[in-house]
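Those protein sequence lines, which keep their order, are chains A and B. Just so we're aligned, residue 1 is where the first sequence starts under UniProt numbering, counting upward by one. Just so we're aligned, residue 1 is where the second sequence starts under UniProt numbering, counting upward by one.
None of these hints come from the bench; they were simulated from the model. All clues given are correct.
Ranges of calculated distance between the beta carbons of each label pair, as one might list FRET restraints:
no. : chain 1 : residue 1 : chain 2 : residue 2 : range
1   : A       : T41       : B       : L196      : 34 to 40 Å
2   : B       : K393      : A       : S172      : 43 to 49 Å
3   : B       : G279      : A       : G71       : 24 to 30 Å
4   : A       : N6        : B       : P317      : 40 to 46 Å
5   : A       : E80       : B       : D26       : 56 to 62 Å
6   : A       : V84       : B       : P44       : 44 to 50 Å
7   : B       : G296      : A       : D140      : 39 to 45 Å
8   : A       : G71       : B       : R321      : 47 to 53 Å
Even for Gly, the Cβ is constructed at its ideal location relative to N, Cα and C.
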Amino acid sequence: MSARDNILARIRQNRPQASALPDIHAVPFIRYDDQFEAFATLIRNLGGDAVQLQDGQSVADIVAARWPDAGRTVDLTVAEHEEVDDPHAWHDVDVAIVPGQLAVAENATVWVSHPDNRFRSIYFLTLKLVLVVPREAMVDTMRDAYARIDMEEHGFGAFISGSSRTADIEQSLVMGAHGAMAALVIFV
Amino acid sequence: MKDDSVKHPQAAAEFLKDRAQAKWHDSAIWWVRQKRDAQAKQLPEWEELRRLAREIKAHTLSQLDDYLAQFEANAQNNGVTVHWAADADEHNRIVHSILAARQVKKLVKSKSMLTEECGLNPYLEQRGIEVVDTDLGERIVQLRHEAPSHIVMPAIHLKKEQISELFHKELGTEAGNNDPTYLTHAARANLREHFLTADAGLTGVNFAIAETGGVVVCTNEGNADLGTSLPPIHIASMGLEKIIPKLEHLGVFTRLLARSAIGSPVTTYTSHFHQARPGGEMHIVIVDNGRSDILGNEDFYQSLRCIRCGACMNTCPVYRRSSGFSYSYIIPGPIGSTLGPSRDMKKHGSMAFACSTCGSCSNVCPVKINLHEQLVLHRKKAFDQNLLPTGKKMGLLAMRFLTQHPALFDLGGKVMRKVVPIIPESLTRHSAWSRAGRDLPPMPAQSFKEQYQQRSQNKQDKEEQQ
Ligand code: SF4
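Isolated chain B (complex conformation):
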């Protein structure tokens, strides 16, 4: 489970202590961002696709109750049982009661951030059900008793040596064999056994089609497919915002998802589930857990358009340099930093400040969520609710006062340019910003304003001379 008491600045500082690992993390994730760009550039209609995706989702959210009812009716027509859960607890109770009624001992799960959000694994394990995460990255973090550090690449915080060591201990692989192919195939053999002996399979949902009552699950590994085609029970857990109106709309979303997420034209498997396999039964659990509240919030409801591609975290300069574990909410990065504070400002308020407001997230988001604007609005809320550490609050108040009094601001700048160069280093060494190798920048002779005025003056003089 994730430690939801972490505060971003402290946790990020801790992460950055291992410079080599931090640098690797940054560049590995940036590489995914670059692959995404390469894919986007191959499609002349890329920006139009983003617009369409945004508009389809905006429309769906504006009539979400109708579409959910339509989805439910069509799923029931297909013979699927539909359940509704107001919160995480109800979701877990429903899943457990389905499994318990059928004496399920082993459940194989494919990737689902929703079940992480609900804490399903520990809930079931406490009740005697073995839960096996089957996405390779999720399996790795499950064996390490960790949460995923990224929503698409759960084990991106780990080096292959660490995974090799883990597999040696847990799966009996050769000590010191760090070859990713060898390790992946060892996990494959182990998980194949679990697939063949599981009593039930649980998947997340990428898209739920109102028109047909079916759900779509996208994976590269094929774990969702094995987990639902072998055991007789398939449970699909979905947040209520996963709805799209029609099958044809997948012609937009499947073109965006994998390109945005991993820089690949599509996932290996895009599977459409409308019925259980012959002799089996299928259940869909529709979960609210705070989503309908966000829907009613004018500033933040757009975050419900999210298709969980992870592109916003791959591009985020703060995420890449602080890793998923520096964020208190289960979903890290820009999207997590708006969803977390929407859910619980007290707990997750620090996430809204883990942002340079560069806006890169909003620029890559395939459904065009105004992510960085939402983070700024959350900061305002955190300030208004008096949740900022005193130092930060005082700083902001001082800054506000200064920006409202330009003359004082100018004077302050002037004094700083004179005084800072003569402060002995021993006095600045203990400030919050001071690090080894991070010196104060040399002070310019003039302020920006003075330079600007001077340049305008020079230009004017020149023009007059001509």
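Chain A extracted, bound-state conformation:
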């Protein structure tokens, strides 16, 4: 027998007592009166920031005001965006503006899985990550989020909350471990 068949046979033989799968929707989960407020308060502790686009303002205005001296900027939210043939080619991106499909109030994450993006490396190589999310695409908890997401980008999708961070040296929180050093969520 192959390793696979052996393992599965042993598991079948060793099955513990039967146990029913619970209905995870039967339990009430927390609700937020002001989802944006909850999201924005939280993300400031996670190395990020969140703003709402005002009338007459564009995403580019907000980005330019925040980082006037930005280096290489790539904007995946426009239809005719820059493309590369190799995931390493994004290595010197300073600001990446990417579409986020959904935001979650309880933990300030944004779901990213963009059908029009080729190499996911851009989300992690960029120094500053700007996530552009429709303001109605906000849910309370991860349970609601999982009911609404799809893997639209080459079988990949990620929830991202704030900046890359670590506390591996004496529990001191440091922003900018391997991924983005700063994160900005713009609700449009």
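Please arrange chain B with the ligand on chain A, whose structure you already have, making use of the hints.
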């Protein structure tokens, strides 16, 4: 690699010699426990979440063969190659053959306790492949040629001065610059180079979804994502207990994991991998290595529900005061102390005794594993298999005899209360329990039983008077 011959009591005594360091270790980890509590309190449904998580895992384990087969079929449909490994050796051979067939010279790895368990790094290094651990804590212990001392915070046993010294030597950072931000960013620059030049990436797996055939990896640093989005090969190694039935169940587990592990509402990245990046290939290695045996053990199979959050070690009064290196098994703390003896009682039996049976671990565990009960059951097994040091065994036998003979127990207590106060200190100084600053407690005049009887009597008298 970890020294698996250590015995907990001796190693813990050694650790405690540096009082300042031991105190820091205790309080740093307790702080994480407190952050966990703060997060839990913010969710009115916290206890319900734990119940759901427990039930989902219990159900999955009861049909694990079916779910694994479903997972495999769906992963293959996505174009992923699935491998099965009966033991550590087979896992290492599979990983090496994938890498060797593609002439891989450098592998970047994100955190995986499974590859520690399998001893993958030395296996690959002996065969000429450079392995770079990329989680900052894991990189630190790799450069020190140590094992992680905690499953979530691998370098929690080290002070920043030690890390500064290490980085000065290995990465050329300024001597004496102990600033965590400076040190972290130096490691970032160094590891960025490795990410950009690696030929393959290996990750662990937090959750494997049967329904979709995908795996989920949670990190704060983004190292799993860089390690899989740049090189053309992604290998994900997973223990076979990582399965959950459906995508929607992540709506329970992602709410519990980071809150329990680090007291944060979520990890920075919760990444779902169902295919390789364009032009790449993805492999999943499903590893048994003793897990299917534990599944068949009525007393211990619940330990397979574990999601490796580390909350049980953060709360454990013994772990905090003895550090991960006092435990012989690669996973320390309460969960390691049941998994280790399940795997090899002879080697890891002493771990089951590194426990005060306070039960705090079982109370914080997000999947409600009966950890402290399992440790007591392991002690019984160790005793039955005659694996206890003679002194401990004799003590236990004497205690058993006494508890079975109450009259003798009472008499013993009486004699002790009379005799102990007059024993000269020079006689007790050499006992196993004696330490500088640790005196024998003053003996009470009466036993607990006598006090209790007296109080009941007094109460009765009072009532009669009224
Ligand atoms: S046993 Fe429970 S508390 Fe301990 S690491 Fe596993 S899931 Fe976390």
